[in-house]
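Enquirer: If you want the building blocks of each chain, they are given just below.
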Amino acid sequence: MTIAPPLAPAPVETAPPGSKLAGGSGSVSWMAWPALIAFTLFGLVPLVGVFLLSFTEWNISGAVKPAGLDSWRTVLADPDLLHSLWVTFLIMAFSWLVQTPLSILIGVFLASHQRYRAVLAVLYFIPLLLSQAAISITYKALLDPNFGLGASLGWEFLQQDWLGDPVLALGVVVFVVSWQFIPFHSLIYQGGVRQIPTSMYEAAQIDGAGRIRQFFSITLPQLKYTIITSSTLMVVGSLTFFDLIWVLTAGGPGDATSALAVEMYQRGFKANLMGPASAIAVILVLCGLVLALGLRRLGGRNQADSQLEGV
Amino acid sequence: MAASVKRPRLSQWNFLGGLAGWLWLAIVIVPIYWIVITSLKVSGDYYSTNPLVPPTSPTLENYRFVLENDFVRYFTNSTIVTLGAVLPAVLMSFMAGYAIIRGGAASRFLRGVNGLFLMGLAIPLQAVIIPIYLIIIKIQMYDTLGAIILPSLAFAIPLSVLVLSNFIRDVPKELFESMRMDGATEWGTLWRLAFPLTRPALVTVTIYQGLTVWNGFVLPLILTQSPEQRTLPLALWEFQGQYSVNIPAVLASVVLTTLPILTLYVIGRRQLLSGLTAGFGK
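These protein sequence lines are chains G and F, in that order. Position in the first sequence (first residue = 1) + 103 = our numbering. Position in the second sequence (first residue = 1) + 95 = our numbering.
These are computed hints drawn from the structure, not numbers from a lab. A few of these clues could be false.
Below, simulated DMTMM-like cross-link-like pairs (lysine to aspartate or glutamate); rule was C-alpha separation at most 20 Å, straight line [stated by the list, open to error]: (1) Lys373(G) to Asp238(F); (2) Lys233(F) to Asp181(G); (3) Lys373(G) to Asp181(G); (4) Lys373(G) to Glu333(F); (5) Lys373(G) to Asp358(G).
Simulated restraints, written as ranges between beta carbons of each label pair [as the list claims (entries may be wrong)]: (6) Arg399(G) to Val361(F): 30 to 38 Å; (7) Leu162(F) to Asp358(G): 34 to 42 Å; (8) Gly313(G) to Trp282(F): 55 to 63 Å.
Here a beta-carbon is modelled for each residue, glycine too, at the ideal position from N, C-alpha and C.
Excised from the complex, chain G in its bound form (with noise of 0.2 Å):
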């Protein structure tokens, strides 16, 4: 990330004697604090805090007793954390399966200035509004086996109990999940596509390229930025999917969807073992920084030249 481009120092010379240097970068650093201890106290300091409660026992009522490595040996010894990495796992990949494709697509679609399909942008975005609360009790109310969509309307297919099967239950997620964010992941795919210059199509017709052979060999390869940021954004952010899983399904039917954050909550503030629970939420913190740098890793070292360059 780049600070402020160091272009400055040549006016900062030509200040008159007395004034403070540089802008006088001391009469601002006080700026900085307020946000900088708000930070500190409620986000360094329980990343710390978690680390180090990882490491102890506590049981909500009682105090925080040192515990070494108790919590973590009863977490990695227990089928249920790899079972909750699984589904973890498995939301991960099929979200970003489903997500991807429809999104570059209708990115493209989107990226046309047609004044309908700026409308039509607007109507996309209003999932994204609505808690994720809001929206699993309406996906339940309307997947209810017997009182659902499927139910008054006498469709077959749609009168399946959707979330009393673990595999369906899954599904659902996963489709409530892209129901929510395909429409944000669109937009990030409609801003990378009109940035990429109109003379390579133009070169390409010229060539003789069709639609879909543009799409291959223009669009996607200088998407490739934009399909690193979108992803990196998807694969992160469902690791801590919670909300919409706990008001869903609850981690159920059984422990089919009970996904890292769920298994860490319902350990923590369910069964009240708050060691094993710091535990998981290290390893949920470790997941996403590995996830974070390896995907950054795929897009190279020159993240920050233009993909445009010699265009």
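On the provided structure of chain G, position chain F as indicated by the hints.
Expert: Just chain F, lined up with the frame of chain G:
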């Protein structure tokens, strides 16, 4: 992104994109349409009428029922929490962003602060909820609205600083220089120069963070317990648990919690959409 530039290539007929676009519109609109028409049905009619046909005699009875169930209180709580967290967070972030841009070149401290906030973008709220719970208990704020406000405020800061500092950076250097020549202090320059020039970004950030806090579920779930301190998403969930058979009333509560956001969206739509695409589409 000049919207007026004609791009012949892109306005060509795009069959697959068009199909996906219109299909997705249907997928987005049908549930929303269903929420609205169902919330206007008499609850007895819900099971006997076609779910996709609007009621012949719409009723506001469900809304009255929801409002009688303390929704005004939850609404007030949500408003207090959202304003209490977002306004200070955006103000602090604006000051920090200004300091980073104005002083970052000369000050290692400010560059460090900037790095810290960038790292902060990667901390998921859910993962640090247990220590936050512990801190809130220790400072004896459990089950208060302040308990929700403080962490919400902190977690709104990193992204706000990033977006606002990007916009402050675009303010021409000469303007800062001429303010300084006129003898303005940094504090004066912040308000008289940077503030008016970054107002669109400030609006975007405020709406975005307001949306996040308004819709927040985890913090109220974990940091409060009494109905008096409930915010809307949590109230929705409790309401649904209590009246799950009365689907029209549940959906009326969904509509009521969303109305204020929709109103904000209609007002700040353009800025929000273009701000988001400018921020991520690079």
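Enquirer: Against this structure, judge whether each hint is valid.
Expert: Outcome of the hint check:
1. Lys373(G) to Asp238(F): holds, 17 Å
2. Lys233(F) to Asp181(G): violated, 31 Å
3. Lys373(G) to Asp181(G): holds, 17 Å
4. Lys373(G) to Glu333(F): Holds: Lys373(G) and Glu333(F) sit about 17 Å apart, inside 20 Å.
5. Lys373(G) to Asp358(G): holds, 14 Å
6. Arg399(G) to Val361(F): 30 to 38 Å: holds, 37 Å
7. Leu162(F) to Asp358(G): 34 to 42 Å: holds, 38 Å
8. Gly313(G) to Trp282(F): 55 to 63 Å: holds, 60 Å
Hint 2 from the earlier list is the only one contradicted by this structure; the remaining hints agree with it.
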